[in-house]
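Here the protein sequences line up with chains A and B, keeping their order. When we follow the working numbering, the leftmost residue of the first sequence carries the number 1, and every step to the right adds one. When we follow the working numbering, the leftmost residue of the second sequence carries the number 1, and every step to the right adds one.
What the hints contain is simulated information worked out from the structure, not anything from laboratory work. Don't take each hint at face value.
Copies of the same chain look alike in the list, so a pair counts if it fits in one copy or across any two.
[Stated by the list, open to error] Capping the alpha-carbon separation at 25 Å, the derived lysine-lysine pairs in BS3-like fashion look like this:
{"#": "1", "residue 1": "Lys106", "residue 2": "Lys147"}
{"#": "2", "residue 1": "Lys96", "residue 2": "Lys147"}
{"#": "3", "residue 1": "Lys316", "residue 2": "Lys268"}
{"#": "4", "residue 1": "Lys96", "residue 2": "Lys127"}
Since this is a predicted model, take the numbers as computed values, not measurements.
Protein chains: 2
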Amino acid sequence: MVDRAPVLIVQKYGGTSVGSIDRMKNVAARCIASQRQGHQVAVVVSAMSGETNRLLELTRQLHEDPNDREVDVIISTGEQVSVGLVALAIRAAGGKARSFLGHQCKIVTDSSFARARIVSIDSQPIKDALAAGEIAVIAGFQGVDEKGNITTLGRGGSDTTGVAIAAALKADVCEIYTDVDGVYTTDPNVVPTARKIDRISYEEMLELASLGAKVLQIRSVELGMKYGVRIHVRSSFSDVEGTWVVPEETSMEKVVVSGVTASRDEAKITLEDLPDSPGIAARVFAGLAESNISVDMIVQNQGYDGTTDLTFTVPKGDRKRSIAILTEKVPDLVGKEGERVSFDDEICKVSVVGVGMRSHAGVAKTMFELLS
Amino acid sequence: MVDRAPVLIVQKYGGTSVGSIDRMKNVAARCIASQRQGHQVAVVVSAMSGETNRLLELTRQLHEDPNDREVDVIISTGEQVSVGLVALAIRAAGGKARSFLGHQCKIVTDSSFARARIVSIDSQPIKDALAAGEIAVIAGFQGVDEKGNITTLGRGGSDTTGVAIAAALKADVCEIYTDVDGVYTTDPNVVPTARKIDRISYEEMLELASLGAKVLQIRSVELGMKYGVRIHVRSSFSDVEGTWVVPEETSMEKVVVSGVTASRDEAKITLEDLPDSPGIAARVFAGLAESNISVDMIVQNQGYDGTTDLTFTVPKGDRKRSIAILTEKVPDLVGKEGERVSFDDEICKVSVVGVGMRSHAGVAKTMFELLS
Chain A
1 MVDRAPVLIV QKYGGTSVGS IDRMKNVAAR CIASQRQGHQ VAVVVSAMSG ETNRLLELTR
61 QLHEDPNDRE VDVIISTGEQ VSVGLVALAI RAAGGKARSF LGHQCKIVTD SSFARARIVS
121 IDSQPIKDAL AAGEIAVIAG FQGVDEKGNI TTLGRGGSDT TGVAIAAALK ADVCEIYTDV
181 DGVYTTDPNV VPTARKIDRI SYEEMLELAS LGAKVLQIRS VELGMKYGVR IHVRSSFSDV
241 EGTWVVPEET SMEKVVVSGV TASRDEAKIT LEDLPDSPGI AARVFAGLAE SNISVDMIVQ
301 NQGYDGTTDL TFTVPKGDRK RSIAILTEKV PDLVGKEGER VSFDDEICKV SVVGVGMRSH
361 AGVAKTMFEL LS
Chain B
1 MVDRAPVLIV QKYGGTSVGS IDRMKNVAAR CIASQRQGHQ VAVVVSAMSG ETNRLLELTR
61 QLHEDPNDRE VDVIISTGEQ VSVGLVALAI RAAGGKARSF LGHQCKIVTD SSFARARIVS
121 IDSQPIKDAL AAGEIAVIAG FQGVDEKGNI TTLGRGGSDT TGVAIAAALK ADVCEIYTDV
181 DGVYTTDPNV VPTARKIDRI SYEEMLELAS LGAKVLQIRS VELGMKYGVR IHVRSSFSDV
241 EGTWVVPEET SMEKVVVSGV TASRDEAKIT LEDLPDSPGI AARVFAGLAE SNISVDMIVQ
301 NQGYDGTTDL TFTVPKGDRK RSIAILTEKV PDLVGKEGER VSFDDEICKV SVVGVGMRSH
361 AGVAKTMFEL LS
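Given the sequences, and given the hints that come with them, work out the whole structure.
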């Protein structure tokens, strides 16, 4: 799938891939192998698996809110230990390496602790290291704000760091190493016939990610799309080609459906016999919006008697709170629980994703035939 | 012992004092208590006890030499976690706090990884925090070189950070909190009648430290002497006054002997029947010096037959190597081991320290009477 041999590769390894000294040696061997093929290699690494949770647990004994300057100071050490150890592992295997922390790269973010967004990267120190024949080992997940406070990018932030570094270096590819060998048409643990996708557009990948595919963070795909970074999702435990996430191309339109996702994380709430008049739906959703409850799918069924039914889904964890809010805020509409409001936790949202659906009829028909 | 109420206090807490979340809460309570007395408080903390060794053990699985850029990246995280947690503990107890890392303070060092020396400190960010009513929580043991590489100051480096920060802030006192309640005339575990010293000069403290007293690092005392920082060594588990390390004063001359130390870490080597001619001793010690073996005490005993005996001490761990070097380099002088060279590992060096000895006779007599 590669058009030409890349000359500058960014490789990102997750917590499982660097979960032990032995696995770090495996990462080191992969980095050195890429370099010996003539490439320049920059590596972005996560904390060793379990480490971020261990550190968060320490903070929780003193402090409830994870969105805090000091919590970021503490949990960013997970990646700091990883980059040092991976750099040592590369040297132990005969390579040259140098680690970079967020304040050394320099990855500048805003000051939203625990969920910071990258503002700029000064990639010159990394370029200097690469030019000197070193493998640059960069801490994922972390940055500094303009005042030098340490920030973190939120869970999965190392993917974002990987793609951002690739964009800043104008890398030929950003390889995201994980414990599966690519992006699948649907969850292979649920559907045994799920197929690995060879090539997918940013737009389709965004849809899959927002619908529950966990292999790649949404923000990293958005960043890839914005800067045109070619992303290659692949396994750190094998050498097979994974999934390329790339700009949409004409030839791709042939593929009608790229993927199917299923989410069991939502609950359905139904309000019956609402007056069918303007402003009613707005009143229903206002209270939920104020409480930051994310309403996903909404279906309205017109009745014959001037009333209407309203059905919508919310995250399963917010179902109880949603009903409490509705009975408190709009008692005239919903009555008490069990009167005109009912719910169902046992639902499954199935999503079908594909750029080709724009111009292909019959997708829904096929889907419902399959589901039945 | 305090002449006036201090207004700016630097407190340094070692690994035992911050060894658990509960102990950090104790540190937080002490900091807040000092602040509520009207003082400005900056705290320097070490890594939680055991943490630096845990991190070093990880590096040893990949790398033998601890004097390495990446090892410093890794082990400096111990203090980073501590400052974040202590800052959270202070806030949990109702105080205001902000943590500072070496690259934020900014503690600039040379580039000697694992044993860096402090070049300068930009204390403005700390002063700003103090002026805002915050307790500044500063990572001990770490700095950055001019290029922004993370460095560490060597074992016990947090004492050095404490005194250096106190010097930079022109603090009224640097309190070194430890698990004993001060500096003793000799090791209280060996001599039950050992007395706590109330007040000692930098010079005497340096002597005690260089002779084996472990309560305060030599470098921190040197730094205190250079910048006139008043150091108060005391227990983090009680409120009693500890030991003040301060400039030498005339009134102190009354105290003849400040302390007695004993070192069992040396071995005695004796060379018999050497020719009593110039240059012989130089030849003996040249080979040892080349191999960086530190010769401590030297005693020469004149014989009656134109020969001389030479006795000296070396670190016990270097005794075997010393004899190997001597038999190889100056075989004409020493013969084989057991011929004219002999050794004794079962010795104890006793040192008596005190400014007053300059002008008081009879100290040696008293000492030998006690020893016998």
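Hints and how they fare:
In this homomeric assembly, Lys106 and Lys147 come within 25 Å of each other (Cα to Cα) both inside a single copy, at 12 Å, and across copies, at 12 Å. For the identical chains of this complex, Lys96 and Lys147 are inter-copy neighbours only, at 19 Å across copies versus 32 Å inside a copy, given an alpha-carbon limit of 25 Å. Taking the shortest Cα distances, Lys316 and Lys268 sit within 25 Å of each other inside one copy (8 Å), while across copies they are farther apart (77 Å). Taking the shortest alpha-carbon separations for Lys96 and Lys127, only the intra-copy value of 14 Å comes in at or below 25 Å, while the best inter-copy value is 41 Å.
Violated hints: none; the structure is consistent with every hint.
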